[in-house]
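If you read the sequence shown in this note's numbering, its first letter stands for residue 1, the second for the next number, and so on.
Calculated directly from the structure, the hints in this document are not laboratory data. One thing to keep in mind: the hints can contain errors.
[What the hints assert, rightly or not] Simulated pairs of lysine-lysine, PhoX-like, Cα-Cα distance not exceeding 20 Å:
| id | residue 1 | residue 2 |
| --- | --- | --- |
| 1 | Lys38 | Lys21 |
| 2 | Lys54 | Lys15 |
| 3 | Lys21 | Lys54 |
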Amino acid sequence: MATKKRSRSRVALPKFAEPMKARLVERPPPGDWLYEVKLDGFRALALLGGSETKLVSRNDNDFATRFPEVVE
1 MATKKRSRSR VALPKFAEPM KARLVERPPP GDWLYEVKLD GFRALALLGG SETKLVSRND
61 NDFATRFPEV VE
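Working from the sequences, and respecting the hints, build out all of it.
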């Protein structure tokens, strides 16, 4: 099955963007909040700009070579 890549506008990527850190709580807060279960493993931030794609850790370590299928 072929996948179609969406075209992206040409925007310069920021040097770094610090992602939010997950924090452990007993239960999600009440109300209409969005949350994600904290699982052990890698957390990464994908930066998309024009033809450039970066995948970085919260410490700005490059994950592109570790997860090339995500960058593609």
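Evaluated hints:
Distance restraint check for Lys38 and Lys21: the Cα-Cα separation of roughly 10 Å lies within the 20 Å cut-off, and the hinted pair is therefore satisfied. Distance check on the hinted pair: Lys54 and Lys15 sit about 10 Å apart at the alpha-carbon level, within 20 Å; holds. Using a Cα cut-off of 20 Å, the hinted pair Lys21 and Lys54 holds, with the two alpha carbons roughly 19 Å apart.
Checked against the numbered hints given earlier, this structure breaks none of them.
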